[in-house]
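So the protein sequences, as listed, match chains A and U.
Counting with our numbering, you get residues 1 to 241 for the letters of the first sequence.
Counting with our numbering, you get residues 1 to 448 for the letters of the second sequence.
If you are wondering where the hints come from, they were derived from the structure by calculation, not from laboratory data.
Glycine included, C-beta positions come from ideal geometry on N, C-alpha and C.
Any given hint could be a false lead.
As the list claims (entries may be wrong) - One side only, chain A facing chain U, incomplete, derived with CB under 8 Å:
#1 Glu34
#2 Arg76
#3 Gly93
#4 Glu109
#5 Asn111
#6 Tyr161
#7 Phe173
#8 Thr193
Stated by the list, open to error - Below are the BS3-like pairs computed for lysine-lysine, each with C-alpha atoms no more than 30 Å apart in a straight line:
#9 A:Lys237 with U:Lys257
#10 A:Lys235 with U:Lys194
#11 U:Lys344 with U:Lys151
#12 U:Lys143 with A:Lys235
#13 U:Lys151 with A:Lys235
#14 U:Lys194 with U:Lys257
#15 A:Lys115 with A:Lys163
#16 A:Lys237 with A:Lys163
#17 A:Lys163 with U:Lys21
#18 U:Lys194 with U:Lys22
#19 A:Lys235 with U:Lys344
#20 A:Lys235 with U:Lys279
#21 U:Lys144 with U:Lys309
#22 A:Lys237 with U:Lys98
#23 A:Lys163 with U:Lys141
#24 A:Lys3 with U:Lys309
#25 A:Lys59 with A:Lys163
#26 U:Lys440 with A:Lys237
#27 U:Lys141 with U:Lys151
#28 U:Lys144 with A:Lys3
#29 A:Lys237 with U:Lys192
#30 U:Lys98 with A:Lys163
#31 U:Lys344 with U:Lys279
#32 A:Lys235 with A:Lys119
#33 U:Lys257 with U:Lys144
#34 U:Lys192 with U:Lys279
#35 U:Lys143 with A:Lys3
#36 U:Lys194 with U:Lys309
#37 U:Lys141 with U:Lys279
#38 A:Lys237 with U:Lys22
#39 U:Lys144 with U:Lys192
#40 A:Lys235 with U:Lys21
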Amino acid sequence: MRKLAGIVIAGIFFISMMMLFYHLPASHDLSSNEYYYRNPINGSVANESIPEHYIKYTKNETGAVNAVTAIVVEYRGFDTLGEVTVLFTAATGVSFLLSLAVRGRKREEANLILKEGSKLVLPFILLTGAYIFIHGHLTPGGGFPGGSVVASGFLLMMLAYPKFFMKDRISWFESAAGTAFVVIGLLGLVLATSFLQNFIPVGTPGQLVSAGIIPLIYIAIGFKVGSELSAIVNKMKEVQG
Amino acid sequence: MHPVLLIAIPLLVAFIIPLFKKYGPSIALGALALNTGISIALFSVVYSTGTVHEIIAGFAPPIGIFLAVDSLSALLAMIINLFALINFMAIGKASEYKFSMLYLLAVAGSTGIVITGDIFNMFVFFEITAVASYALVASRKDKKSMEGAIKYMILGSLGSIFILIGIALIYSQLKSLNIYDIASRISTMDAKIKWASVAMLLTGIGVEAEIFPLNGWVPDAYQGASGGVASLLSFGPSKAAIYAIARIMLVIFPLQKVYYLVLTIGVITLLIGELAALKQENVKRMLAYSSIGQMGLITIAIAMGMNEKNAILAIFFLMVSHASSKASLFLLSDSSGMGSAATKYTGIVSVLGIVGMPPFAGFWGKWYLLMAAINGNMLWVIVLIFFSGIVEAAYFARYLHRYYGNEESFSRLTKYSMAVLATMSLIFGLLPLIYEMGLKTLFGMGGV
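So here's chain A without its partners, still in its complex pose (with noise of 0.2 Å):
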């Protein structure tokens, strides 16, 4: 009886959901006024609607010719921090609440195709990972994507020898990368005038060395991503290898 209400009542909220979303209107046209945003400081109206506002100056503004990457990591890299945050908790948690769970069942050996080739491919995994985050500013990719592309090589390291555990050093890793980015926004208040600012001349947009912080943010998510996803992965093996 209560698994027939439940999925009535599921039935009828996906219903309404579906509806909903059919009725949504399509894009608009991104100029007409009715985008013209406001500052909430002093109440001046803008002629251009905020996405208008990434797209026009972004590269002036930034020296990131990435315009995605400008929004992640420099209009909006106080949320970055957070969610980079998001996934520190959530990776402690998991440390935290496996923490008593004890070594089970012993694993197999691989076999040697396995254990060879991924010595051979793991260089360049993390080459691949780290070109990501650290051309974040540049071309498509980034801290997420990087870190997460280090992290599958270890993870592959992982499935190839049951006995590879990384311990302490990991945590090195997750602690300098998160103080890094940290650091980093509160240098930006003592040397410019607000958190996460821009305090690096910008560059040459489209060079390696350009953007002001972005690199150095992208470089601490990447080293963040990684570390934190190979050490819930190092985890959860503990627990069921």
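Fit chain U to the given chain A structure using the hints.
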């Protein structure tokens, strides 16, 4: 004054703690003390000069993110950080370093929800708070606490999705994430989408704010959590969430239909919480249901705050009163008795505070809510407040009768901490501080 430090410091310290495992709890205590100092300074600045805002990353809002600290958020930021410090003194010393990290993150997240002026930023802090709280609820690592944590996690993550959809709907129409920019242009939004986003945001935040019918996790999570964690949940995440409802409903959607919706939800939450509390045998469950009831009362005050200045004052007092009394009662609920002078004092003072005896903060909260009801000619709200007060008095009298004088096993520090937490309600009830803060223009820019 830089409100952003309230978030940056605990995050920095939480990142550093794994390098100094042994000293984790002490470092966390230091960070909380520093944060308390900053939040008190921030409170005094807002008290003397009004709303404080801080731009992040150097881009003028709404292009960038900004923090907007009005009178209510300054008060809540101070309450959250101060109470977290006292509560951590009671429970944190002996804990693992990972517990102190999660504790810091939950406090930083709750503070972030309260002081941010950007709706997506608020969502990010919701995530931090929620994920840290799931782990903290499970921190006893027994079956009960796991059950509570899993229920909380399932409902909480569903709630997060709804908040995100609500924000996306608003963004799809106005291309803005700044709460005050949205508020100034809300009338240009398509009516259907406006309603959909109200529903999504209320549903999503309602899970954390413990309002009906999204509070199924509350009794189990509070029952499973240790007293200290339940205490943290009652003054941290739940207060921040109900504040988020206040900010979003009063600033962005101060519409007549929203008023009826929020009022109805508040009334149902109040009745269900109080009546369920009356039937509970387990102390923590009773306190949890009583919290739900109080949340209902605050929700009613938020709804009435759309038309009545007095109801806004009621929100201030009810939040402080509930934070103080529940924080101490949950700490007390770890042991089944009040044997020594300090615990007897804590029990009696918190119960008097929450039932609303003068001159506690709870009294002023109900008083101003009554005033608002009289001004608005709403006789049934008056009846409701008295009825819920009687029910509360009944189950708290039973609670005192059952536990007063029994043996208990608290350390001295824990006992004094809970006594101090309980006294806060009295202090804030006697000082004219909250009253004067409440009279300031709430939500500084635009809004009420």
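- Quick check: which numbered hints come out false for this structure? The structure conflicts with hints 4, 5, 6, 7, 9, 10, 11, 18, 19, 20, 21, 24, 25, 26, 29, 33, 34 and 39, although it agrees with all the remaining ones.
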